[in-house]
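Protein chains: 2
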Amino acid sequence: MDSIKYLSQEEAINVDKKLFSEYKFSVDQLMELAGLSVATAIAKAYPIAHLTSRDVLVVCGPGNNGGDGLVCARHLAAFGYRPRVFYPRRTKRELYTNLVAQCEASGIPFAAEMPAAADVDAAYGVVVDALFGFSFAPPVREEFVGIMEMLRSVEVPVCSVDVPSGWDVERGDTAGDGLHPSMLVSLTAPKLCARGFAGRHHYLGGRFLPRRLAAEYDIVLPPYPGTEQCVELPVAAGKQ
Amino acid sequence: MDSIKYLSQEEAINVDKKLFSEYKFSVDQLMELAGLSVATAIAKAYPIAHLTSRDVLVVCGPGNNGGDGLVCARHLAAFGYRPRVFYPRRTKRELYTNLVAQCEASGIPFAAEMPAAADVDAAYGVVVDALFGFSFAPPVREEFVGIMEMLRSVEVPVCSVDVPSGWDVERGDTAGDGLHPSMLVSLTAPKLCARGFAGRHHYLGGRFLPRRLAAEYDIVLPPYPGTEQCVELPVAAGKQ
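As given, the protein sequences belong to chains L and E, one line each in that order.
136 is the number of the first residue of the first sequence in my numbering; add one for each residue after it.
136 is the number of the first residue of the second sequence in my numbering; add one for each residue after it.
Treat each hint with caution, since some may be false.
Note: identical chains are not told apart, hence a pair may lie in one copy or across any two.
Said to hold, decoys possible - Here are the computed lysine-lysine pairs in the DSSO-like style, where the Cα-Cα straight-line distance is at most 30 angstroms:
#1 K140 x K159
#2 K140 x K227
#3 K159 x K227
Calculated directly from the structure, the hints in this document are not laboratory data.
Computed from a prediction, not measured in an experiment: that's the story for all the values here.
In isolation and in its complexed conformation, chain L is listed as follows (with noise of 0.2 angstroms):
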C-alpha cells in the first residue's frame, strides 16, 4: 500500500480549482510558492557546486506549468544560477506578461530559437521541463514535436515540473514520445504517473495545501522538514 496519496488527473484538477475558489488563494500567490520551490528542490538536488556549468535552461510551455517555470526561473537566478528561458508560445494574459518582466529585470536572457541538443549539452548544467503539466493529455500538439524531441535528446539533467511533458497524468508515457527526466518535482500532490518516474530525484513542492482540503482528498503527504518548501520523496517506479 502506498503511503502516499497519488492524484487521477480530475482530483489534480479538482484540488487546484479548489484552491482558488473556496481557498481564496490567487494564482500569483500559488505560482510563486511552486516556481519557489522547484528552484529550491534545483538547488538540492544539483548545487552549483556539483555542476560543470551553473547556466540552466528553462523551457516554457503555454499554461500554468510555463509559468511555473518563468516563478523557477527567476528564483534560480536569485540562488546564484544563469538561468536562459526558451518560452516559444507565449500567453498574452497580464500575469505571465509580468512574469516575464520580472525575468527580464532580474537579467534573465530568453532565447529567440531552440537550441539544437548537442549546444544545451556543450551550455548547460542543467534543463527545466516547464512545458506541460496536471491539465496535458496526449498527444503532443504539433508545434511542440521540435522542442520534445530536443527535450528527449539532451544528456544532462532534465527536471520535469510536476508532470515529465509528454505522459498521460495517470498512466505515464503510454505514447511513447514522452520525457524521462533526471529529476521530477511534483507540485501539492504527486499526481498518478509519477508512479512510474524512474529518474534519481523526485521532490514535492507546493507547500500551500490547506489541512481542510488535504483531508478532502484523503490526501497523506511525508511532512515537510522545518520551514523547507520542498522534501525528497522515495522514487517509486518498480514499487508499486
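Starting from the known structure of chain L, arrange chain E on it as the hints suggest.
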C-alpha cells in the same frame, strides 16, 4: 561606515512603488514572499522546541504590514506553530479578505477581542507585531493606542515586521510610545530606524529585490545563504 544600506522613508516608498510599476510584481507575489520570510525567520530565532508554547499571537494592522502578518500566520501554521490573529481594523479590499479566508481555511482562529498583556504572556510563546510598516508616521492613531500599550507590556518575545510599530521610519522611537521588540525582520532592505534596533535578533527578508533596482538605490545587503528566504543581520544599535 555601514556595509549595509538603510533606506529613508522616501526611498522605501519609491522602491516599493517601482517593484509594482517598473518591475511588474503583484502585491500578492511580494506579500507572499515577505510573509514567508518573516515566518521563516521566526522559526529560526524561536524554534518550537525552545518555546514553552507554540501559540503565536499575530497582531495585524490595516495596511500592507498587516497583510504580511496574515501571510506570516499561514506559513507559521504550516511550520507547526499555532498562530491566532488579532486583526481589529480589517481592510475591505479583496486581497485582504482573501488572506483572511486562507488563514481560516488553514484552521487559524481570529481573536474577537484584544487579549490582555498578562493573558498573552500566559498563553503565547511569541507575538508578531504587524501593525505599521514603512509608510507609518507618528503619532499612533487613537484607535491603536490600547493595542500598542498591550504590546509594550507583554514579556514574551515580540517580532516586528519591517519597522517596530510606533517608530518614526527614519529616526526610531521619537514619540517615546513605540515598541521595543526582541526581533525585527526588515523587508527588502532595512529602514534607517533599524540602526537603533537593540533587540536580540535582526533578520532581513523579502528576497525579491532585482539587482538593477538594488543598484539604482545603492542598496548593499549581505548575501542570502543558499536557498534561504531570510538572513540574520548583526544588531547595529550603538555602532552608528
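> Which earlier hints turn out false for this structure, listed by number in ascending order?
Replying inline: Failing hint: just 2.
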